[in-house]
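Peer 1: With the hints as extra help, turn the sequences into a complete structure.
Residue numbers (this note's numbering), protein chains in the order written: chain A, 2 to 166; chain B, 29 to 473.
Source of the hints: derived by calculation from the structure; they are not laboratory data. In this text the structure is predicted, and so the values were computed from the model without any measurement. A portion of the hints provided could be inaccurate.
[What the hints assert, rightly or not] Residues from chain B that face chain A, not an exhaustive set, calculated with beta carbons under 8 Å:
id	residue
1	Glu62
2	Val77
3	Gly80
4	Pro92
5	Arg93
6	Ile95
7	Ser96
8	Thr97
9	Glu99
C-beta: ideal position from N, C-alpha, C; glycine also.
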Amino acid sequence: MTQQNNDLDKIKQLIDIMKQNDLVEIEIKHDDDKIFLKRSQPQITQNHPAAVPMMLPNVPAAPPGTYAAQTAAPQKTPEELQKNAVLLEIKSPMVGTFYAASSPDSDPCVEIDSTITPQTVVCIIEAMKVLNEIKAEVSGKIAEILVTNGQAVEYGQVLFKVKPD
Amino acid sequence: MFSRILIANRGEIALRIIQACHELGIEAVAVYSEADKDAPYLQFADEAVCIGPANPAESYLNIPRIISTAEITDVGAIHPGYGFLAENINFAQICQDCGITFIGPPVEAMRLLGDKIQARKLAHKAEVLVVPGSEGALEGESEALKLANKIGYPVIIKASAGGGGRGMRVAHNDISFRQSFNAARSEAEVAFGDSTVYLEKFIVEPRHVEVQVMADKAGNALHFYERDCTIQRRHQKMIEESPCPVLNERTREKLCDAALRIIKQAKYVNAATVEFLLDKDKKFYFIEVNTRIQVEHPVTEMVTGYDLIKMQLKIAAGENINLSQRDIKHTGVAIECRINAEDPENNFAPSPGKITRYIPPGGPGIRVDTHVYQGWTVSPNYDSMIAKLIVHQPSREEAIATMKRALREFVIEPTKTTIPACLDILSHNLFVKSKIDTSFVERNL
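Peer 2: Here you go:
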């Protein structure tokens with residue numbers, strides 16, 4: 002991420018230099034890196050930065066956003082991949098409305114990183130005016146909460162993902 | 029008119045109801061079990077909600093889940109289709125209590141007609157001939173045996189809470205009576221949660237003829253003529269047709285009028301089918317009323333030209349049927365073959381599994397009602413019907429020819445289906461001459 006930020010800063014600096022000095026083209030080579038910037042002829046209107054195309058040899062032309070995405074795709078470590086594969090799911094056993102807390106004034110039953118046991122009440126699902134306490138039935142820590150308070154849920158819908166002990 | 033309704037059913041009827049809804053500008057909410065998650069009509073529905081695992085008790089028969097779905101999707105009404113909860117009085121009552129319109133009859137009419145014993149009494153009042161039988165429920169085996177001898181064998185033992193041909197047994201003598209009596213009671217207990225049975229004279233060589241009726245909240249009741257459903261196997265209908273080939277106009281009029289009298293007597297609203305047995309002398313006897321839309325409703329739609337499902341929705345929304353009996357005519361002949369995933373070579377054993385090749389027939393006069401497509405897996409959890417093939421032509425001869433042609437074109441592989449059995453029936457000399465009774469399939473197939 003740091004390398005990418007440096008690159009962007011450099012490009013921004015170059016653009017400023019070009020504007021301030023009314024330059025049309027600039028090319029910089031450093032070892033194997035090369036950067037080439039070309040700017041359309043100065044015009045009366047002010048919005049120039051958008052008109053500056055950025056061309057980087059050996060890399061497909063792309064606006065800054067995607068360039069950042071291309072060089073900085075977050076890599077999952079083998080450990081992280083392993084962990085994602087064994088997250089347990091707590092699914093809704095009924096159709097109804099999900100509530101995170103047992104009453105409007107209470108704190109949510111669970112939050113991210115809450116430790117749970119099979120008997121822990123993780124949420125309430127209201128069906129036909131009856132508030133049903135939903136038990137975890139697994140042990141571990143809440144890793145993800147996939148539904149929001151007041152959301153309608155169907156049978157089998159995943160409500161929580163749990164990192165097992 | 030409702031802006032949104034829920035369909036508490038599955039398969040071809042769920043699709044049928046979604047179609048009617050969309051043509052009337054009503055949004056449709058579909059429910060599905062995990063076994064039906066790939067059903068194509070779920071994509072046509074405006075919302076689809078999973079309500080449970082494959083087992084019907086935990087999905088399509090699960091009242092709390094269905095009502096809960098109705099609440100979270102904010103529907104104004106529920107259409108129960110046929111089977112499942114369609115004739116469940118408890119469900120209809122709960123809908124009423126929750127302020128959701130049940131698309132069907134009022135609870136009281138359902139209660140009255142759902143009890144087959146009460147229905148017979150009502151038919152008496154409406155001056156409609158009923159099959160000779162027990163006045164009420166049978167107390168015990170010995171009382172039943174005495175009555176059987178009084179009526180005269182053969183007799184049929186039927187479940188009071190029954191329907192769909194289940195919980196019925198025929199007995200020809202005292203020995204088989206005892207067995208049949210107890211078997212019928214057990215089956216009734218399992219199928220309907222009520223072991224109450226009654227007795228009727230078993231009409232020999234009967235035809236099964238039923239009348240389609242519709243009634244609105246203002247008290248208008250109309251009939252849409254009759255259907256002949258004599259081709260049955262183990263009380264399950266296989267082929268239905270309209271009109272009944274052996275009725276003259278006078279008998280037809282008397283039959284349909286009798287059906288209307290019963291419906292009016294019960295203060296019925298919405299769709300119903302009044303079932304009769306026709307004996308060799310064309311005398312008809314009332315058996316029961318089905319307080320729901322039926323599988324074979326397309327047969328009537330084809331000969332009369334009216335969309336019965338749309339009519340159901342309109343009636344439930346409080347609209348009156350804007351027709352007089354004179355407006356309703358029947359033209360031509362319609363025949364329906366139920367295509368089941370069953371193996372006729374193997375005693376009609378269910379044949380579930382994936383359908384890898386599916387090519388339905390087409391061309392003039394053909395209608396196919398189905399939810400099935402190439403790649404669909406027929407689940408063992410539900411009834412085996414996978415499609416309804418309906419044909420409408422100006423004459424019965426042409427209708428039979430078209431049906432045979434369509435059945436031969438219909439490709440469903442590798443699933444074993446009842447298509448060959450239907451072809452055999454349609455080619456049979458007795459069917460062509462319509463010299464049939466309800467024992468035809470058992471005797472000739």
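Peer 1: So, for every hint listed, does it hold in this structure?
Peer 2: Results of checking the hints against the structure:
1. Glu62: Where the cut-off is 8 Å and the nearest Cβ of chain A is about 6 Å from Glu62(B), the hint holds.
2. Val77: holds, 5 Å
3. Gly80: It holds, given that the least Cβ distance between Gly80(B) and chain A is near 5 Å, below 8 Å.
4. Pro92: With a closest approach of 6 Å, the Pro92(B) hint holds.
5. Arg93: OK, holds: Arg93(B) within 8 Å of chain A, min 5 Å.
6. Ile95: Result: holds, 5 Å to nearest chain A Cβ.
7. Ser96: For Ser96(B), the interface hint holds, since the closest Cβ of chain A sits about 4 Å away, which is under 8 Å.
8. Thr97: Holds. Min distance 5 Å.
9. Glu99: holds, 7 Å
Figure legend: structure checked against the earlier numbered hints; every hint is met.
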